[in-house]
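Engineer: Spelled out from the first residue to the last, the chains are:
2 protein chains.
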Amino acid sequence: MSGLKIAVVGATGAVGREMWRLVASGVLPVSRVLPYTSARSAGTELMFHGTSVRAIALSENTFEPVDLALFSAGASVAREWAPRFVAAGSVVVDNSSAFRKDPDVPLVVPEINGQALEAGVRLVANPNCSTIQMVMALAPLHRSWRLRSVKVATYQSASGAGARALTELLEGTRQYLEGGVEEPRAFPHPIAFNVIPQVGDFDAAGESVEERKMRDETRRILGLPDLPLSATCVRVPVLRAHSEAVWASFEDVPDPRRAHALLTEAGIVVEDDPARSRYPLPRHAAGRPEVFVGRLRSDPSDPRGLAFWVVSDNLLKGAATNAVQVAEALLARGLLARSVS
Amino acid sequence: MSGLKIAVVGATGAVGREMWRLVASGVLPVSRVLPYTSARSAGTELMFHGTSVRAIALSENTFEPVDLALFSAGASVAREWAPRFVAAGSVVVDNSSAFRKDPDVPLVVPEINGQALEAGVRLVANPNCSTIQMVMALAPLHRSWRLRSVKVATYQSASGAGARALTELLEGTRQYLEGGVEEPRAFPHPIAFNVIPQVGDFDAAGESVEERKMRDETRRILGLPDLPLSATCVRVPVLRAHSEAVWASFEDVPDPRRAHALLTEAGIVVEDDPARSRYPLPRHAAGRPEVFVGRLRSDPSDPRGLAFWVVSDNLLKGAATNAVQVAEALLARGLLARSVS
Numbered sequence: 001m002s003g004l005k006i007a008v009v010g011a012t013g014a015v016g017r018e019m020w021r022l023v024a025s026g027v028l029p030v031s032r033v034l035p036y037t038s039a040r041s042a043g044t045e046l047m048f049h050g051t052s053v054r055a056i057a058l059s060e061n062t063f064e065p066v067d068l069a070l071f072s073a074g075a076s077v078a079r080e081w082a083p084r085f086v087a088a089g090s091v092v093v094d095n096s097s098a099f100r101k102d103p104d105v106p107l108v109v110p111e112i113n114g115q116a117l118e119a120g121v122r123l124v125a126n127p128n129c130s131t132i133q134m135v136m137a138l139a140p141l142h143r144s145w146r147l148r149s150v151k152v153a154t155y156q157s158a159s160g161a162g163a164r165a166l167t168e169l170l171e172g173t174r175q176y177l178e179g180g181v182e183e184p185r186a187f188p189h190p191i192a193f194n195v196i197p198q199v200g201d202f203d204a205a206g207e208s209v210e211e212r213k214m215r216d217e218t219r220r221i222l223g224l225p226d227l228p229l230s231a232t233c234v235r236v237p238v239l240r241a242h243s244e245a246v247w248a249s250f251e252d253v254p255d256p257r258r259a260h261a262l263l264t265e266a267g268i269v270v271e272d273d274p275a276r277s278r279y280p281l282p283r284h285a286a287g288r289p290e291v292f293v294g295r296l297r298s299d300p301s302d303p304r305g306l307a308f309w310v311v312s313d314n315l316l317k318g319a320a321t322n323a324v325q326v327a328e329a330l331l332a333r334g335l336l337a338r339s340v341s
Numbered sequence: 001m002s003g004l005k006i007a008v009v010g011a012t013g014a015v016g017r018e019m020w021r022l023v024a025s026g027v028l029p030v031s032r033v034l035p036y037t038s039a040r041s042a043g044t045e046l047m048f049h050g051t052s053v054r055a056i057a058l059s060e061n062t063f064e065p066v067d068l069a070l071f072s073a074g075a076s077v078a079r080e081w082a083p084r085f086v087a088a089g090s091v092v093v094d095n096s097s098a099f100r101k102d103p104d105v106p107l108v109v110p111e112i113n114g115q116a117l118e119a120g121v122r123l124v125a126n127p128n129c130s131t132i133q134m135v136m137a138l139a140p141l142h143r144s145w146r147l148r149s150v151k152v153a154t155y156q157s158a159s160g161a162g163a164r165a166l167t168e169l170l171e172g173t174r175q176y177l178e179g180g181v182e183e184p185r186a187f188p189h190p191i192a193f194n195v196i197p198q199v200g201d202f203d204a205a206g207e208s209v210e211e212r213k214m215r216d217e218t219r220r221i222l223g224l225p226d227l228p229l230s231a232t233c234v235r236v237p238v239l240r241a242h243s244e245a246v247w248a249s250f251e252d253v254p255d256p257r258r259a260h261a262l263l264t265e266a267g268i269v270v271e272d273d274p275a276r277s278r279y280p281l282p283r284h285a286a287g288r289p290e291v292f293v294g295r296l297r298s299d300p301s302d303p304r305g306l307a308f309w310v311v312s313d314n315l316l317k318g319a320a321t322n323a324v325q326v327a328e329a330l331l332a333r334g335l336l337a338r339s340v341s
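Chains as they are written, first to last, in our numbering: chain A, 1 to 341; chain B, 1 to 341.
Do not rely on the hints blindly, as some may be mistaken.
Because identical chains share one entry, a pair is satisfied inside a single copy or across any pair of copies.
What the hints assert, rightly or not - Each computed SDA-like pair below joins lysine to any residue, with the alpha-carbon atoms no more than 25 Å apart:
hint: 1; residue 1: K101; residue 2: N113
hint: 2; residue 1: K101; residue 2: L224
hint: 3; residue 1: K101; residue 2: A275
hint: 4; residue 1: K101; residue 2: R338
hint: 5; residue 1: K101; residue 2: H284
hint: 6; residue 1: K101; residue 2: D255
hint: 7; residue 1: K101; residue 2: G26
hint: 8; residue 1: K101; residue 2: E265
hint: 9; residue 1: K101; residue 2: S298
hint: 10; residue 1: K101; residue 2: P29
hint: 11; residue 1: K101; residue 2: A205
No lab work stands behind these hints, which were simulated from the structure alone.
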């Protein structure tokens, strides 16, 4: 099979760089790859198979139809450009929130609802990072015991807010240690040695965008439109990988040992030997594509509940890896093929 | 009234230094103050009313009866020495876990169950830091709507593990930024740019000591011996002040606005204007004696639930301030008086 012509839109962002690395690593057959970015980042050099490629500002003049466009450029760029790529015959996998609520656009975690990738699909939405790692753990448990409600508190890394936020954490920490004055820009408050209970803006009910996304997207992905779910989303001074304390309640009585087996069978890495201080940690999970679960136990406040701890790299399975897996699934089903040149 | 002769046992520890500062600040009438410490820390100089006082290694030879002994020296020192102080006529307020489960020893947060300080009390247990700040918020809500169950995820600062843990966070962060190798001692893993879902050891059911304390102590303080409560306790790279994401479910339907008023009336500082990024933060709460609540909202997964965010300085209201308030309450009730010299 000849390779695909692929565009990475937002190729110099925190997620875009991971998409680029995955494409460059050969997980998909590639004939040519175009790194699109904002005008500000145009000219940034990216490595592809040993040669340097300059990022191109996406515009009317530079736009080229491709077989596959992996988008990680924010919702407004996606709203403007994803339809143009689709109209030109491209298949788009978009990592922004732009199309996640659109009933005509499948919202896909391939291991869970890959069947939503049906013939004719041209645009697929990649779920929110916090949602992906949580549903990866919830789905196998739900299949056995039927999910009844979920509560989740997140410990989200700075990189979830983008490359500049990551720099702000590192620079802010240096400034704090040197007694300097931090100037938060990517975050509403200094993030060094702090935790901030805000990820996104708030609605009138006092819920943040991220908290709402976790409920809305979990419902769509699991096909449980009324699932009660309450999230408290918090930014922590971690560079990479989100952690989550989850309580899940089921219709049937769950069993922690069986849960361990179900998660392992589903491809989750279960790290769970707390007596030896073995459980998932964001610093261990950073740079790895898997979802990690530990601290798996009966919920002492709910006879039908389980409590557990989920960690995953928000830039990988939470974003770039999932998007590339969607493309792989499309390819495997014959829904993505070299069609333009 | 003549002053009290006061001992601070563990005066050079993270909490002990705060007890010392509070005693030196004059919140209690003091005639003399003895800073007891371990042999290792003996000789450390502490300031009291402009003069330097040397910490004394607590031993048979240095022991003196006092009116009030504020203990923050760990459970084993408390088990050995608190009974000796009591036998010598002292009143002891102990910040360790040594006596918290003893039904003969009141476990007191003065604003909530100060009535447990009855005539003849010689030994009072100070609750766990994570518990104090949570029950401070739960108690006023419970009085109105009757608490039915609680779930809590904590974001606990390094100082909760002691002065050396605080140094380990600062030094580890410097080492990480310089590309060096961290050697965790106070924590089971490097804490810099990490979160660790372990606070204390684990039992066979996979629950940590801290998680169990939060349930056991909340039940005792609120007088709800069967309250279902599930905690996930997590260490975060914050220097000082613990944060908690709490879900509380009630027998009656709660109202967030009324909850705001109830908490304010109870002396809690409600910082809750998320649209303006106003909510409690550990860096704001550090060094302050109050308990801060924000992100107060209806639990979207439970019609009888509230979700909120509680932050307080674990060394102050979570430890030293509460212990001193217990002493003040004893004094106000005539249960603590100058009796020895």
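Engineer: Should K101 paired with A205 be assigned to within, between, both, or neither, using CA atoms and 25 Å as the limit?
Structural biologist: Only inside one copy: K101 and A205 sit 20 Å apart there, 40 Å across copies, limit 25 Å.
Engineer: What label fits K101 with P29 when the C-alpha limit is 25 Å: within, between, both, or neither?
Structural biologist: neither (30 Å within a copy, 64 Å between copies)
Engineer: Quick one: K101 to E265, C-alpha cut-off 25 Å, is that within a copy, between copies, both, or neither?
Structural biologist: neither (30 Å within a copy, 42 Å between copies)
Engineer: Is the C-alpha distance from K101 to S298 at most 25 Å within one copy, between copies, in both cases, or in neither?
Structural biologist: Between copies only: 24 Å across chains, 33 Å inside a chain, cut-off 25 Å.
Engineer: Is it within, between, both, or neither for K101 and G26, if the alpha carbons may be no more than 25 Å apart?
Structural biologist: neither (31 Å within a copy, 60 Å between copies)
Engineer: Cα distance capped at 25 Å. Does K101 pair with N113 within a copy, between copies, both, or neither?
Structural biologist: Cα proximity of K101 and N113: one copy only (16 Å, versus 49 Å across).
Engineer: Classify it for me, K101 with R338: is the Cα-Cα distance of at most 25 Å met within a copy, between copies, both or neither?
Structural biologist: Neither. Shortest intra-copy (29 Å) and inter-copy (70 Å) distances fail the 25 Å Cα cut-off.
Engineer: Within a copy, between copies, both or neither: which one fits K101 and D255 at a CA-CA cutoff of 25 Å?
Structural biologist: neither (34 Å within a copy, 30 Å between copies)
Engineer: Within, between, both or neither: how does the pair K101, L224 come out at a Cα-Cα threshold of 25 Å?
Structural biologist: within (14 Å within a copy, 43 Å between copies)
Engineer: For K101 and H284, with the copy left unspecified, which applies at a CA distance of at most 25 Å: within, between, both, or neither?
Structural biologist: neither (33 Å within a copy, 37 Å between copies)
Engineer: Given a CA cutoff of 25 Å, do K101 and A275 count as a within-copy pair, a between-copy pair, both, or neither?
Structural biologist: between (42 Å within a copy, 23 Å between copies)
Going through the hint list in order, the structure does not satisfy hints 4, 5, 6, 7, 8 and 10.
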